[in-house]
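Generate coordinates for the entire structure from the input sequences, incorporating the hints supplied.
Protein chains: 2
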Amino acid sequence: MVSEKMYELGTKKSTIRTIFEYGRKRALEVGEENIYDFSIGNPNVPAPDFVKQAIIDILNEMDPCAVHGYTVAPGNPEVREVLAKDINRRFGTNFAGKNLFITGGAAGAITITFKALSEAGDEFITFAPYFPEYKCFVESTGASLKVVPAKIDDFQIQFDKFEEMITAKTKAIIVNSPNNPSGVVYSEETIKKLAEVLTAKSKEYNHPIFLISDEPYREIAYGVDVPYLPKYYDNTIVCYSYSKSFSLPGERIGYIVVPDEVADFGKVYGAIAGAARVLTHVNAPSLFQLVIARCAGKESDMSTYEKNGKLLYNGLIEAGFKCVKPQGAFYLFPQSLEPDDYAFCKRAQKYDLLLVPGSDFGCPGHFRASYCIKTETIEKSLPLFKKLAEEYKK
Amino acid sequence: MVSEKMYELGTKKSTIRTIFEYGRKRALEVGEENIYDFSIGNPNVPAPDFVKQAIIDILNEMDPCAVHGYTVAPGNPEVREVLAKDINRRFGTNFAGKNLFITGGAAGAITITFKALSEAGDEFITFAPYFPEYKCFVESTGASLKVVPAKIDDFQIQFDKFEEMITAKTKAIIVNSPNNPSGVVYSEETIKKLAEVLTAKSKEYNHPIFLISDEPYREIAYGVDVPYLPKYYDNTIVCYSYSKSFSLPGERIGYIVVPDEVADFGKVYGAIAGAARVLTHVNAPSLFQLVIARCAGKESDMSTYEKNGKLLYNGLIEAGFKCVKPQGAFYLFPQSLEPDDYAFCKRAQKYDLLLVPGSDFGCPGHFRASYCIKTETIEKSLPLFKKLAEEYKK
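As given, the protein sequences belong to chains A and B, one line each in that order. Each residue of the first sequence is one higher than the one before, counting from 67 in our numbering. Each residue of the second sequence is one higher than the one before, counting from 67 in our numbering.
Heads up, a few of these hints could be off.
Because identical chains share one entry, a pair is satisfied inside a single copy or across any pair of copies.
What the hints assert, rightly or not - Pairs of lysine to aspartate or glutamate, DMTMM-like flavour, derived with a Cα cap of 20 Å:
| hint | residue 1 | residue 2 |
| --- | --- | --- |
| 1 | Lys440 | Asp129 |
| 2 | Lys333 | Glu74 |
| 3 | Lys71 | Glu270 |
| 4 | Lys164 | Glu74 |
| 5 | Lys453 | Asp406 |
| 6 | Lys71 | Glu205 |
| 7 | Lys118 | Asp129 |
The hints are simulated quantities; they were obtained by calculation from the structure and are not laboratory data. Please read all numbers here as calculations on a predicted model, not as lab measurements.
This is how it looks when you write it as structure tokens:
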């Protein structure tokens, strides 16, 4: 009567959702302050004041029909020019407005890109640990997703395994750095090697293999450079979001960059326009298009995330956990204290520590802890992590 | 290298787009004030002041994390309760928040609904003249769209032809009243007959045939009742938008109503959630969710559209055109003065009258004139329509 597939996708609860709902229920029993919910990646730094001021200024200065009217599907041309200039200023690139397509956040950006590129039988490749919605989005285009196993010592790339997985059907590689869930940033060395492999394999198979850089966490990085991928590999498409940098996840605003250097730019950009049409993108929310242009170049204070990350990392190391050091985003991805990460996370729940099993991100034997929560909650949680670790020493 | 289908959908210009771009070019040659662009359906009544005030109040009163944060996918639960109550107040229905799913406008609402309901081989039926994007959206789900020919004397429904088209594969009927492009409102008599046919056919084929009511123009109706379809037929799903009622087309905000009375409510609502997920809806823009709740029950002044509609209608009738009287929306759909509506619209361009051929809406021999433009532009256009008509009298 309805699409069974859509019904299943709409009603089968994700592990994160199940944990989150358990937390809400448990908070009613023991009090909000006694729940240590590390499950959800919702920014807890408020949107900066300059965003509020930009909205009010736009409403006071501009004609409502211009503020709230349709824009062309790729977004307000003037906004795209401003954003392109800001990207050029930051990364030394040479983009114009025509290289940008403004979207409903990074989720919109990646889905549109997947659908634009995907032909029947295509394969996309990503690296564990990875954002689980990639699978759903890629499969909805008729393509399939292959996952390269994690390099668990530093969460860079296992190049030997990666190269084995590339075939004539490989359409694109998806990378996400700073990474959800590992918090790791791909080093320049990793990116250079990745570009080398993709250049060689594109030549071998006689068609371009695209590199899709999903980078909503670009601005959340702690003293490490986040290489700008189009500078290393021509066939790179960047998917960006203001969800984290300006704390606007609910507003659904981001963009796609298609550099001129991408093989057959016109075909790729045209297909992106078609995919956006079929996915009923229409246009990215118009007021927030204007807001991001007014706020271009401004920086939000992200120091809370760095402080939280260090606090949680040091506490976990002290308690005896093994964990790759946080470099960005707002997640830690430590090893679970028993091989079965589901069992481990279940055991942590006894202490009201809500953690997400690594298996959900294609990387068993680990767990994800989101630290975009109150610093105080993290402080109070550390003795509990210690108790939990002690259980395993007995 | 990319999806050829997406490339085609993204680059093949629609007739409306081509006419609009011609108009922009022509305006540079002869001046904006000498172009009579009746091609685009972009509201020209500005968003009401209460929308601006609501935005400012929300920004001043609420925590930015609550304003701009993710909401659950179906939308802020409190907002849904407020909207449900407002619908109940207006139409005597009995909805709760759980019956609503807030979307990115009506385009988002209908695509999500199509994808939720559609199984391979399904057929959807709509009535000419119709919004041409229906075809693209329905086909993208793997289903097909059948179009019942127009009843050109009053643009109600040719029931005999409609009944012939219903088969065991018919999944849903799409209606759009007030109608784009005809400006006609389906009478209560039409709706009652439609409900009767669908009830009988659902029984005959032993499965529910859904009725999808796409109603972004509900509030733009001139002295006629727009029947609320769930009151006439149980298996009705309503797709609504604030694009026209609050002049917010660029903000992408609307909703789906799934009444409890719909056969297997849980299945339908669950499939809608799944379709929204696959279409990367994530959540409708969060600030505007709060705005529509604050503005629920407030009415925008739409009198400009009524004034424009009468002015254009009377002028065209006087010039000798045949046209069904405007009842709502902001379109007239007169007969072209020669059977070939493309040739007619081409001829009108000589007078810088930009009109859209009816064939684009599945109804040849007609043209669409959008009157959501300056009243003064309409006044100045009337002598030109007269001259155009006189050409055909020679």
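Next on the checklist: Hint compliance check: list the failing hint numbers for this structure, sorted ascending.
Outcome noted: 3
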